[in-house]
Each structure stands twice: as C-alpha cells, then as structure tokens.
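Which chain is which? The protein sequence lines are A and B, in order.
Quick note on the working numbering: the first sequence kicks off at 1 and runs consecutively.
Quick note on the working numbering: the second sequence kicks off at 1 and runs consecutively.
Just so you know, not all the hints are guaranteed correct.
[Stated by the list, open to error] Quick list of the computed label-pair ranges, beta carbon to beta carbon: (1) A:S20 x B:K109: 29 to 35 Å; (2) A:P61 x B:S28: 26 to 32 Å; (3) B:R41 x A:L114: 29 to 35 Å; (4) A:P69 x B:D7: 40 to 46 Å; (5) B:S68 x A:H26: 38 to 44 Å; (6) B:P14 x A:S20: 43 to 49 Å; (7) B:K2 x A:L114: 27 to 33 Å; (8) A:K52 x B:D77: 43 to 49 Å; (9) A:T7 x B:G16: 38 to 44 Å; (10) B:E15 x A:P8: 25 to 31 Å; (11) B:N27 x A:K40: 20 to 26 Å; (12) B:G16 x A:E67: 32 to 38 Å.
[Unchecked claim] Quick look at which bits of chain A chain B covers, simulated, 3 or more residues with Cβ under 8 Å: (13) 38 to 46; (14) 49 to 57.
Everything labelled a hint here was simulated from the structure, so no lab data went into it.
We put the beta carbon where it would ideally sit given N, CA and C, even for glycine.
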Amino acid sequence: ETGVTQTPRHLVMGMTNKKSLKCEQHLGHNAMYWYKQSAKKPLELMFVYNFKEQTENNSVPSRFSPECPNSSHLFLHLHTLQPEDSALYLCASSPGGAVEETQYFGPGTRLLVL
Amino acid sequence: RKEVEQDPGPFNVPEGATVAFNCTYSNSASQSFFWYRQDCRKEPKLLMSVYSSGNEDGRFTAQLNRASQYISLLIRDSKLSDSATYLCVVNERNFNKFYFGSGTKLNVKP
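Same shape as in the complex, but just chain B (with noise of 0.2 Å):
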C-alpha cells in the first residue's frame, strides 16, 4: 500500500474554474502535511502546509481531515500559471520521513 495516493489526473479545466485535489495517507501517526508545486522539468517548492483547522492562501485553500486521513486543496480562480503537479508530502516528523504522492496533474486552459 502506498502511503500517500493522489489522483494523476491531469485535470483540464478553464481559467477561472475552481479546481480541487484530494489526497489520501495511511499512516496515522503522520504529524505534517504540505501541498508542493512542481512545474515540468524542475524542482517541487512549496505551496502551503497544511494545518488541522484548514489554512486559506489567496485562491489556495487547504484542509487535513485527520479521521479520515485525507488533504484537499482547492484552487479558486485558476489561472494559465497554475498549470502544473501538484504533490501532497506527508510527514513522520520524528524521523524526518517524507513521502511524497506521485501528483496530481493540472492543466488550466484559456
């Protein structure tokens, strides 16, 4: 079993659309969670981490559902520069353990 999974995608949709990612983790005892950006052919950075009580970034909202062991983030507005992968990182915080998702793809389309 992995132990993040995303959906691949991609996603095509339009400027402007609001667009939402889910993200699923198995183990419990995970304690950070971050969103990363990768664009094609370059290195992830970081969008947003993501907070229990769910944390908004202009358009970039994210929620950790820890009961049921998923992250969303939702993209309000797209626009031609979000298109991208999109990677959900958990993190083991004690043992610096990170695993990342194999992303989500997002194309937004004018």
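One chain only, chain A, in its complex shape (with noise of 0.2 Å):
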C-alpha cells in the first residue's frame, strides 16, 4: 500500500543532531497528523493540520517543529533531541471535514536518540 509514505524509516541520531521525518499522502486528503508511540504506551497526538493549518499542538516539546507546507505533505523537523524522544513517529492523514474521519497510518519512522 503506498497512500501514505514516511521517510526514512528507521534513523539513528545523536542528542546535537539536526533531522527531518518526511510524510507524504496521496489520497488527497486534508488532515494530516503526527503521532509518538513509544514502548507499552498508546498512541500520542503530537500535531495536527487541517488544510495545511495547524489546528493541534499537544504540547510537544519545541526541539520537534512540524512544518505542513501542503496539504499533501508534513515534515518533522527535529532538534537536540534527548533519548526519551526514541520512539517509532506515525504519520496519518484523513479527508478532513468528512462526518466519519477515518485515519490513514504511514508505516512509520523507527527513531533511536543516542
């Protein structure tokens, strides 16, 4: 399935380096969504866009900088970070606007912080 796309998909960074995660949809789609699942623990929203707006910030931290610059792609700009931020980051997206939201899942960018 190739309706969403994340890049790369597994990274190793230290704590000084600068990276940045890259989504893409084609499903012409409206939202879009960053999440953190880390180990036995559920699914965190990090951000969300709505017609390349950002709507959600969930009290992310600022050493990760979403940027959506349209409605078909998302980045995560990341920045200093520390080893707690290891952790697999799923993009999403979905129609936006629609009665029934259904969301989409890249499959994913493995990240390990050093």
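Please dock the two separately framed chains into a single complex, following the hints provided.
This is the structure in structure tokens:
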C-alpha cells in the first residue's frame, strides 16, 4: 500500500544532530497528523494540520518542529533530541471535515536517539 | 484519567474460539469510534468503524454503548492471522482529535 509514505523508515541520531522526517499522502486528504508511539504506551497525538493550518499542538516540546507546506506533505524537524524521544513516529491523514474521519497511517519512522 | 482505556491482555485463545474486547472512553462528547489493528512493528490499520446500531463485518462485530461509554469488539472463529494488538480509537470530530487506547494484545494459538 502506498497511500501514506514516510521516510526514512529508520533513523539513528545523536542528541546534537538535526534531522527531518517526511510524510507524503496520495489520498487527496486535507488533514495530516504526527503521532509518537513509545513501547507499552498508547499512540500520542503530537500535531494536527487541517488544510495546511496547524490546529493542534499537544504540548509538544519545541525540539520537535512540524511543517506542512501543502496538503500532501508533512515534515517533522528534529533538533537536540533526548534519548527518551526514541520511539516510532507515525504520520496519518484523513479526509478533513467529513462526518466519519477515518485515519490512514504511514509505516512510521523508527527513531533512536543516542 | 485516560481518555480511552483497554485491558492490555494478552488474550491467549485457541483457533476457532470466540473472543471479546471492551474499551471505555471518558468524554461523553465523543463522536466517532473505531477499532484498529496493529501488527508487531507495523502501523495501525483500520479494522472497522463502530456505529450506535452495532455493525458486523464477517467474523467481527462491533458494538457501541453511549450510555455506559464503552465499545466492544467480538471476534468469532478466531484465526491464527487474527493475532495482533487491537486499538480502540475515539474521535472528537470537531477538533480532529483522535484518542487511542493502549491496545489489547490477542494471541491465537493452533
């Protein structure tokens, strides 16, 4: 399935590095999301974009910086991360504004911060 | 208090068994409800939406009880391929906020 793609799939970075995660959706959706999934924890919503506008920032530390240049692309810029930020980062999209908002997920980026 | 609560399991059942999961949610204003399935080291995938009248998709039946604020998933005639973690998801539609439970792990044994 190629509805929502994410790159890279795996990333190892040091605490002083700067990296970016990329998400692209080919479903014609208008809403995009970043989630964090740590071991043994539920998915945590990080950011929501609707029609390129950020509508939700779930108290995410500023070392995570999202960017949504258009409805198809979503980035998560990372800098000075901590080891506890190691997790699976999932991107999702949904139609946006529909009565039943079903989300479709990308395969995720598995991040390890050393 | 968690927005969505699930029994983490694991539920270990033999092939052919019927198994049921429940999920409770805290926000009475929640609008949409879903069950997702997540395989090990993979992304969540939609299994089915949950409607007030209840709905069925093959061996899977989902029910919603708004008064008691819980959602259920029933799996009949379990297959080995049903082994996965099942995530309960609740949406506050107006704000595009989706709340995920921590998941219930199912192991179907031969």
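Establish whether the coverage given for the stretch 38 to 46 of chain A by chain B is satisfied; the threshold is a Cβ-Cβ distance below 8 Å, and no fewer than three residues must meet it. holds (count 5)
The hint says 43 to 49 Å between K52 (chain A) and D77 (chain B); measuring C-beta to C-beta, is that right? holds, 46 Å
Distance restraint evaluation - N27 (chain B), K40 (chain A), Cβ atoms, bounds 20 to 26 Å: Roughly 23 Å apart at Cβ, these two residues keep to the hinted range, so it holds.
Does 29 to 35 Å hold as the CB distance between R41 (chain B) and L114 (chain A), or does it fail? violated, 20 Å
P69 (chain A) paired with D7 (chain B), Cβ distance criterion 40 to 46 Å: holds, 42 Å
Between P14 (chain B) and S20 (chain A), is the Cβ distance one that fits in 43 to 49 Å? holds, 47 Å
Starting from the range 38 to 44 Å, see whether the pair T7 (chain A) and G16 (chain B) falls in it by beta-carbon distance. holds, 41 Å
Count the residues of the stretch 49 to 57 of chain A with a beta-carbon closer than 8 Å to any beta-carbon of chain B: does the count reach three? holds (count 3)
CB of K2 (chain B) to CB of L114 (chain A), is that within 27 to 33 Å? Cβ of K2 (chain B) to Cβ of L114 (chain A): about 31 Å, so the range 27 to 33 Å holds.
Given the hint of 26 to 32 Å, check if P61 (chain A) and S28 (chain B) actually sit that far apart at their C-beta atoms. holds, 31 Å
Starting from the hint 32 to 38 Å, judge whether the C-beta atoms of G16 (chain B) and E67 (chain A) obey it. violated, 50 Å
Could you check the hint for me, namely that S20 (chain A) and K109 (chain B) are 29 to 35 Å apart, CB to CB? violated, 43 Å
Hints 1, 3, 10, 12 from the list above are not met by this structure, while the remaining hints are.
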